[in-house]
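Participant: Sequence:
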Amino acid sequence: MTSKNKKWIIAVAVLLLALGLWWGLTPAPKPEVVHAAPAPVVVPEPVVPAAPEPMPVPAPTPVVTEPAPAPEPVKVEPEPAKVDPAPAPAPVAVTAPEPAPTPAPAPVPEPQVAEVTTPAPAPLVIETIEPKKNRVSLSYRMGFNINVDFKKLGGFGNPNDPGPDTGSASDRSYDDGYNRVDSSGNESGLTWNWGYSDPSSIQGDNMVLHHTSSPSTGVSKDNDDGVNHGLELAYQYEIHRDPDKNWRWGVEGGLGFSRLNIDDMSTVRNEVNEITDTFSVPGGVFVIPAAPYNGTFAGPGPLLDSDLGSGDRVRTVLSRATQITGHRELEANLFLIRVGPYFEYPISEKFTAYGNVGLNLVIGDMDFSYTETVTFDGNLRATRRDEGSETDVLVGLYAGAGISYAINEEWSVFAGAQFQTAGKSVSKEGGKEAVLDMSKAIVVNIGVSYSF
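Residue numbers for the sequence shown follow the working numbering, so the first one is 17 and each next one is one higher.
There may be inaccurate statements among the hints.
Using C-beta positions, here's what the derived DEER-type ranges look like [said to hold, decoys possible]:
hint	residue 1	residue 2	range
1	S282	F367	39 to 49 angstroms
2	N424	S282	48 to 58 angstroms
3	G201	S335	35 to 45 angstroms
4	D279	P305	49 to 59 angstroms
Okay, derived cross-link-like pairs now, BS3-like style, lysine-lysine, Cα gap no bigger than 25 angstroms in a straight line [what the hints assert, rightly or not]:
hint	residue 1	residue 2
5	K456	K444
6	K366	K167
7	K261	K366
8	K261	K149
9	K168	K237
10	K168	K366
11	K149	K366
12	K366	K148
13	K456	K440
14	K168	K440
15	K148	K237
16	K148	K440
17	K149	K456
18	K456	K148
19	K167	K237
20	K148	K444
21	K237	K444
22	K440	K237
In case anyone wonders, no lab produced these hints; they're calculated from the structure.
Glycine included, C-beta positions come from ideal geometry on N, C-alpha and C.
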């Protein structure tokens, strides 16, 4: 190994030694200090400045003492005697200088924790959604159990007067004859001022005469229009809502319209009041004149008893004897107003049950017309016709219930039913009556509502 190689080996060794000393004397970095921020505000960890990196210590330059040059060899003349070779020069010992002391690393400054000022939390603002207190709705109404009774139908009077129940000197007129006072004043209870038109009036030795009349008491009951169609526009305002169970109540008002058209062409029968008076044929009259016969006031002529005794007059009521035909019609525009409280209770997220009660007002603009024909025993007794208009106001109550389905916060659909009582309205024309009965009406409504 040459001396030059030795120098490099020594220099590398010194450098490695210096690096080892520097590595061993470098202090370990201190652990980071983290100050936890108070909950619930999260404070970011402080940034700790990194410790300054120690300056590298340069390796000491080795001092190499050059060895003294070897003495030039003595040129010896070869001699026959053996001469020992000069000894090799002793290796020069190179003493490595003491390494310079490694300077102590600069102290790492204690990391300063930046003071973080936590701002006061902003007040928590909770947005409260106010319930929608106003609601409008439009519904289709189907009315049931709205009836009309046509009353005081038929009837016929009788211009003839059968006179008192007993007595002799009275003028008596009948449907099929007469028995009146003659010029003698019905002397001895007899008169020649009598007559008859129907051969059936002769019954043995008696003359049987009849007087009939019929009251205007015929009735056609329970006529309806089937389903009564209409519309209603309503408004509701919520007054109170329970914060826990969410039931609520308020007031409502509705304005509705319905068109009514009820007609009747049925045949109605009615009673007949009949008076039957019997007069005896006095002795001496052997031949009764054939019908028709008409005696006179002045006479003379065949005589007939004019005195009615207690058993000579019979009164009879013939039921269902007349036949009343014709056409009866009631047309009405009904304006419906109602007002009252309502109640609602949610039964699920979408479905709500409701009920309502209140005052019901009906304003009716009505037209009543009729024609009729009255016959009795095959004979026409009366024909009539009349028409007219009038306005009436009915007041009553209503109560209802139903269920609604919320499509969203604003729109809902609903269905329900109401029982309405508004009494009866009577239209009168020509002695006849059309009685509109709304005392037990049932209304089914289906509609849509909008809340705001």
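Participant: Run every hint past the structure and note whether it holds.
Facilitator: Against the structure, the hints come out as follows:
no.	hint	verdict
1	S282 with F367: 39 to 49 angstroms	holds, 46 angstroms
2	N424 with S282: 48 to 58 angstroms	holds, 52 angstroms
3	G201 with S335: 35 to 45 angstroms	holds, 41 angstroms
4	D279 with P305: 49 to 59 angstroms	holds, 52 angstroms
5	K456 with K444	holds, 22 angstroms
6	K366 with K167	violated, 51 angstroms
7	K261 with K366	holds, 15 angstroms
8	K261 with K149	holds, 17 angstroms
9	K168 with K237	holds, 11 angstroms
10	K168 with K366	violated, 54 angstroms
11	K149 with K366	holds, 17 angstroms
12	K366 with K148	holds, 15 angstroms
13	K456 with K440	holds, 10 angstroms
14	K168 with K440	holds, 16 angstroms
15	K148 with K237	violated, 48 angstroms
16	K148 with K440	violated, 39 angstroms
17	K149 with K456	violated, 33 angstroms
18	K456 with K148	violated, 35 angstroms
19	K167 with K237	holds, 8 angstroms
20	K148 with K444	violated, 49 angstroms
21	K237 with K444	holds, 16 angstroms
22	K440 with K237	holds, 14 angstroms
Of the numbered hints given earlier, the model fails hints 6, 10, 15, 16, 17, 18 and 20; all others are met.
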